[in-house]
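Residue numbers (the UniProt record's numbering), protein chains in the order written: chain A, 1 to 546; chain B, 1 to 107.
Calculated directly from the structure, the hints in this document are not laboratory data.
All C-beta atoms, glycine included, are put in the ideal place defined by N, C-alpha and C.
Misleading hints may appear alongside valid ones.
Restricting the straight-line Cα-Cα distance to at most 30 angstroms, the calculated cross-link-like pairs of lysine-lysine (DSBU-like) are [what the hints assert, rightly or not]:
| id | chain 1 | residue 1 | chain 2 | residue 2 |
| --- | --- | --- | --- | --- |
| 1 | A | LYS206 | A | LYS218 |
| 2 | B | LYS31 | A | LYS354 |
| 3 | B | LYS31 | A | LYS386 |
Among the chain B residues that face chain A by a calculated CB cut under 8 angstroms, a handful are [stated by the list, open to error]:
| id | residue |
| --- | --- |
| 4 | GLU40 |
| 5 | ASN69 |
| 6 | ARG70 |
| 7 | VAL82 |
| 8 | LEU86 |
| 9 | LEU88 |
| 10 | ASP98 |
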Amino acid sequence: MAEEPTLPQLPPFLPADKRKRGRATEPPTTHSSTSSDPAFFSSDDDPALDNYQNHGRRKRRYVGSWFDQQPASSDSGVGDDARPSFPFPRRSRGPPQPQKREFRRQLDSGVWMGTEGNLTDTDDSFDLEPVPARFPLTAPRAQPSIPLSPARPRLTSQEQQVQNTIQSCVDRGEELVDLSGLNLESISDALLNTISEITPIPSVAKDVAFEQRDPQIKVFLSNNRLRTFPIALLNIEHLTVLTLRGNRLVKLPPAISKLRNLQTLNIAQNYLRFLPGELLDLLEPGSKLITFNCEPNRFWHPATASGNEQGAEKYETLTFAPCTETMTIGSTWKGLTTKLQSRTPVHFIDSAGKTYSHFTLPDPGSKLSNVHVLELEPFTSLTTPKELAPELRSHSATSKVVNPRGAKSLFEMALRACATSAEADTIPSWLREDEGWPRHFAPAVENATQLHRQGGVTCSVCGRETLMPLAQWIEFRYVRRTSVEQRAEGRLVRETIGLEETSGEMPVPFLRVGCSWRCVPAKVELAALEGEDDVDVSRGPIESLV
Amino acid sequence: MSDSKYITLVSSEGFEFVVLREAALVSPTIKGMLRSQFSEAQTGRCTFPEISAVVLEKVVEYFHYWYRNRDKEDVPDMDIPVELCLELLMAADYFNLDAKPAMRDAV
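Only chain A is shown next, with the shape it has when bound in the complex (with noise of 0.2 angstroms):
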């Protein structure tokens, strides 16, 4: 066995040559401005023996390479604003002090001294750090790729308590978010938007098809310090229950109307004002909404709680374009419509946000404001104020603000695009500083801002969207629960069931909002009202001026 030829014995392994280390591991080469005693050298930029003479002028010193200074004296070329890589030439505060070199000891000097005991004079005894090579000559090795969690801002425990049970429901198919009593003041919409993920998880029994069914979200945000609508609830597509009851809010979005699949909302016991006349698409035959709590609220109340009713169909069918009730002959419908009690004069303002009419709507922010009881006007007369008059007088094409639903004027368009960009936070703070800008942009970029996020707002007659509203007024209306029947083509009988269960006897504001001058109520003629159906009735009337 021992004459079996044996394989040819291989080559000794080396794991490298040892003479040619890895870029990473050589010792650094000594590099002139980064160890050793940086070079020192004088400099002076005026040798002139006067300059010597009375105060016995140092000669500058200047440590390190002579390319890393800074020029000394400011009638050399190059500009001062380079900033000094190092702090020697000090010349800008102050007087310059003569700096006196003190004696210490350079840490990175490469002169090595040794100091007794601890440290052996042997090369093994320390290690130096490798430094990382200056051109990355080999590819970076691959990190393995670790899933990041985004960062997050910390959150405080109020609002970890809302994740936790945001999280919860949507882990488990819950579709009750309970968020009531927690003492929120504002909810981040990153959490809310989480909402909408809930799915329910279907009941799997014997004997019964699978079938998948629409969510339905119910949000419980009752007793809370909440001072704004929480925006983000308007994209929860399915939310069928929202409770707001007990927070601080002054106004509601009038993007409200985009939760069509609500039946039950509860705005009472907030701060609130008024309604966003959009609302009112959900208090219209055909609409979920089953229950409605606004009541109490420090709403504006009208100045005579009678009011005129007479007109008050007119003026719906002739302002407001009219529904298309999509309903089969024969059905009846229970739900909440409202019924017109009465209306405030035009609150008329153009795009500077100046007032034109007599009647101005109080600011629902300010807390100033105690104005409870708004003056009413009826419906068969339009006060327009006097300035406005030549536009709405003029008809012709040339008029630019007056045809509705036209080509808007392009200041809207531009507020409608500042609204818009992702600067729009910081515009109002810019054009408040720049003298140059005019004083009412900053306040109408804001506004356009603002009315933006909640989802625009839709002029009540001509329903175009708009950033600008140019004419506002408030309807009081009472809200009742009624039945509609379709007994016949185009002919609707309403029922009206138990008034009192909703909202009692006091009517309740909506806001209406006009786009233009000529989107405003229209005015019905007294003749109409006795009787005779087939007159004409104008828009925009000017002959009563204020």
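Go by the hints and put chain B onto chain A.
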């Protein structure tokens, strides 16, 4: 007195925009400039030394946009570039292309 169908608007850089007179009259400011006693009315040439060509071009575009759509309803919005929105806000204010009952009794 120039009775041409067109007027010329000149920007600060000297760019000239020839605009249909009727379209430009949407702006009460231009309407005022073209009154008979001003030199602009004689030459039909309005110079705007503080408005740059980029902005004036957009304004001129608006004039024609408005003129094309003056009798129409539900007009789609004109495209406003975001970077110009503040300058255009200013220009709209200058040309009175906003909803204000201004300049009517002044001119």
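Checked hints:
| no. | hint | result |
| --- | --- | --- |
| 1 | A:LYS206 with A:LYS218 | holds, 28 angstroms |
| 2 | B:LYS31 with A:LYS354 | holds, 24 angstroms |
| 3 | B:LYS31 with A:LYS386 | holds, 22 angstroms |
| 4 | GLU40 | violated, 19 angstroms |
| 5 | ASN69 | holds, 4 angstroms |
| 6 | ARG70 | holds, 4 angstroms |
| 7 | VAL82 | holds, 4 angstroms |
| 8 | LEU86 | holds, 7 angstroms |
| 9 | LEU88 | holds, 4 angstroms |
| 10 | ASP98 | holds, 3 angstroms |
The structure is inconsistent with hint 4 alone, although it conforms to all the rest.
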